[in-house]
Amino acid sequence: MGPNLIELATSPAHEETARLMQICNACRYCEGFCAVFPAMELRRVFEPADTAYLANLCHHCGACYHACQYAPPHEFGVNVPQALAERRLESYGQFAWPRPMAKVFDHNGLIVSMAVTAVLALAVGLMLLLISPTLFWGVHLGEGAFYQIMPHVVMAGIPLAITGFVVVALVMSWRRYWRATGGKWTGWRTGWQSVREAMAASASMRYLGGNNSGDGDGCSGADERPSRLRRYYHHFTFYGFMLCFVSTSLGTLYHYLLGREAPYGYFEPPVLIGTIGGVMLCIGTAGLWHEKRKMDKATKSLKTLGMDYAFIWLLFWVSATGLILLAVRHTGYMGLTLAVHLGFVYAFFLVLPFSKFVHGLYRFAALIAYASEHPRS
Amino acid sequence: MYTDQINIAETHWDVLVIGAGNAGLCAAITAAEAGCSVLVLDSAPRDMRGGNTRHTRNLRAQHDAPTDVLTESYSLDEYYDDLLRVTKGVTNESLAKMTLEKSAELTGWLGARGVRFQPALTGTLNLGRTNAFFLGGGRAMLNSLCRHAEGLGVVFRYDTEVSAMNLDDGFCEGVTLGDNTEVTATKVIATAGGFEANLDWLAEGWGDAAQNFLVRGTPYNKGVVLRSLLDQGIKPVGDVDQCHAVAIDARAPKYDGGISSRIDGVPFGVVVNKHAKRFYDEGEDFWPKRYAIWGRLVAAQPDQIGYVIVDKIGAGRFMPSVFTPISDDTLEGLAGLLDLDPQTLGQTVDEFNAACPPAPIDQSILDGKATSGLNPEKTNWAAPIAVPPFYGFPLRPGITFTYMGVAVNDKAQILMADGTPSPNLFAAGEIMAGNILGQGYLAGIGMTIGGVFGRLAGGSAARMLNKGTGE
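Same order as they appear, the protein sequences are chains A and B. Anchor point for the first sequence: position 353 equals 357 in this note's numbering, and the numbering is continuous, going up by one each time. Anchor point for the second sequence: position 56 equals 60 in this note's numbering, and the numbering is continuous, going up by one each time.
What the hints contain is simulated information worked out from the structure, not anything from laboratory work. In this text, a Cβ means the ideal position worked out from N, Cα and C, and glycines have one as well. Mixed in with the good hints there might be a few duds.
[Stated by the list, open to error] The calculated lysine to aspartate or glutamate pairs, modelled on EDC-like cross-linking and capped at a C-alpha distance of 16 Å, are:
id, chain 1, residue 1, chain 2, residue 2
1, A, 301, B, 51
2, B, 239, B, 173
3, B, 101, B, 85
4, A, 307, A, 110
5, B, 258, A, 79
[Said to hold, decoys possible] Using C-beta positions, here's what the derived DEER-type ranges look like:
id, chain 1, residue 1, chain 2, residue 2, range
6, A, 111, B, 316, 44 to 54 Å
7, A, 10, B, 328, 22 to 32 Å
8, B, 422, A, 301, 51 to 61 Å
9, A, 229, B, 185, 50 to 60 Å
10, A, 229, B, 328, 35 to 45 Å
11, A, 309, B, 208, 50 to 60 Å
12, B, 316, A, 10, 24 to 34 Å
13, B, 97, A, 231, 45 to 55 Å
14, B, 185, A, 233, 38 to 48 Å
15, B, 185, A, 77, 23 to 33 Å
[Claimed, not checked] If you want the footprint, here are the derived chain B segments under chain A, 3+ residues with CB under 8 Å:
id, region
16, 56-67
17, 140-154
18, 190-203
19, 249-263
20, 318-325
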């Protein structure tokens, strides 16, 4: 790792993590579970940058808590999943850009929910106000039906305008993370190898199995019972999201390249792929919510639950309203459903860099660093 | 039926197992798989269940070819030679050979019951050839076995201490619990561990020094079951002062410190007593082969305390400790922090430095870089303690487990003083490990003994009840 170009402040969550890592580093029984412990073993001192790196390697599977000989009621009181969850949340604030937005992570669940509500109200309100009721509540069929209610320029222009800011904010946040944790580009050959390993680990969620050789029994729930459900639900969410992304991109190509305007038929690629993606996202997010509720409360962190739930539900409603729109687009409710769906989509874009979405960003960066620290022979 | 609604005193059990550690669970599972009704009692609360198994990490297993969890091969002869070397022959040859032979089946048997192992060739310790490591350590292993046992209908009661074994001429009529209720069973398997958490009992072997011992193991092994058995005519095995005692960080908790209280720095510096004098060859052999004698060495020093002194270079040569080392930029300053006489410590280190051979040392081999002219000499890895900052780690004897126990036969039956087996009492684990490990220490053999004798005890009990063992 290179020099840390940004000094991170210390904090109670950092100090607790550093205390635990000193205990864990003298024990090391958990080194087979995931990436966190092998990364820890390369370190003797734990600065805020180290704890941020370790926290972003952790999937919160809970296996190390239930395996821990030092977990409460032992006087060492070791609870790694909880400490890392809190350090992770805090690190999102430390890396957020623009800097004043760091505070958003102090009350993320509340702020994200309020922002979504506001954007939703604004979108529906403005459309009710600006669009004539006959148009809004009318039945529109055939190509360009959506754009009779809202011109394509406006519908696509709003997210496009936000996207510029979102991309800059995400890139700057990533850069802050990378500089603060001493990430170093090791050159194209080994660097690319690390990126490939990080991509493979992300795509398979290799370390969310309770076994870093890749075939673990899964998350450790209450009563220490292992379950792979959370991993599967995350796959549904992630790949569902990717399919929706592909669907949207295809729609754009249809619009500009083929000159064909939405809505498209149920079995045309943009709709078919989007429908599958949307259903997967609904199943995945609802499942993740359920799994999070079931999680052993000993390892939960109340501080992070608001952020977790707000993002899970936002994703759920983005996809659910999209599916509802698909179901009612030939009726007089198309206008209202479109307004609600667009409200959720716009809100999602807007809060993206300041929501739990960023976990993927830092997780991926941490996995690249991990891969370059632990070259495979 | 919800098992927590069963009144355990009103039920007559086929098999009662005392202790929910590795040995007890292997016994309970074997008996339950054969169709026995099984009750397991543990004196600890659920979170602290399983005695010292919670602090273990691996078991030592014989194998003739590489397996999924062990590399190369570890023959019966080599295993037995290792055992003879550490015990200096204080072992029961036939029981020992049987145990080592049966150790070959253990990882497969445990794996089939939900226990996960780390793949061979991973991990920090170079024991992948002889020892199979539990993924996540002993507590993870316990969780898997308990879950499996519950699935078989085994009933568990935690926070439930057995205060007396009710024996009539070697026949166990039942046990009395801490609240004076009685539990009865046709067969009783004692897997209740040793007495390392009973400082008064340790004092019988160690005198007043025992009060300064730290107990690395579980605080729940007070030896109540063992004492009750020995008081009622059961044949003892092993000496009262034999225990696994290593030198651990003196700042560790009085009980339950476990693995992380270990200090690995001894070979890379000097160790002095409270008078700031050296007292033993710190570089006699590789640390894994020597750490088990340092508990006794420190126990023999005044006030049972010692101090590892290393410099900046030495501190980089071993695994970090759970406690931040005490450090200072000067030796005098460090002596002050450790409550040692600065002049004597300075003199001890100066003499040591002057007696060191030319650099460098090589910690990967027995490099023969010995001091000359000291008493005692340091025979390997002798390098001057000269680069500040200087670090100090206080040491105390840390007891993990005791060796004195009950004598058993090859069916895990407990033997009476005259050598006849009890008709319905069995033992497995630490409470009988002294039959095989009379003294010394071999990493992972305790879990092997527990697993092998646990299965034997459960199987023998079931067979005597005319239940099929399925094996």
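Going through the hints against the structure:
no. : hint                         : in the structure
1   : 301(A) to 51(B)              : holds, 15 Å
2   : 239(B) to 173(B)             : holds, 12 Å
3   : 101(B) to 85(B)              : holds, 11 Å
4   : 307(A) to 110(A)             : holds, 9 Å
5   : 258(B) to 79(A)              : holds, 11 Å
6   : 111(A) to 316(B): 44 to 54 Å : holds, 45 Å
7   : 10(A) to 328(B): 22 to 32 Å  : holds, 26 Å
8   : 422(B) to 301(A): 51 to 61 Å : holds, 55 Å
9   : 229(A) to 185(B): 50 to 60 Å : violated, 31 Å
10  : 229(A) to 328(B): 35 to 45 Å : holds, 37 Å
11  : 309(A) to 208(B): 50 to 60 Å : holds, 54 Å
12  : 316(B) to 10(A): 24 to 34 Å  : holds, 28 Å
13  : 97(B) to 231(A): 45 to 55 Å  : holds, 47 Å
14  : 185(B) to 233(A): 38 to 48 Å : holds, 41 Å
15  : 185(B) to 77(A): 23 to 33 Å  : holds, 26 Å
16  : 56-67                        : holds (count 3)
17  : 140-154                      : holds (count 7)
18  : 190-203                      : violated (count 0)
19  : 249-263                      : holds (count 4)
20  : 318-325                      : holds (count 3)
Hint check: violations occur at hints 9, 18; the rest are consistent with the structure.
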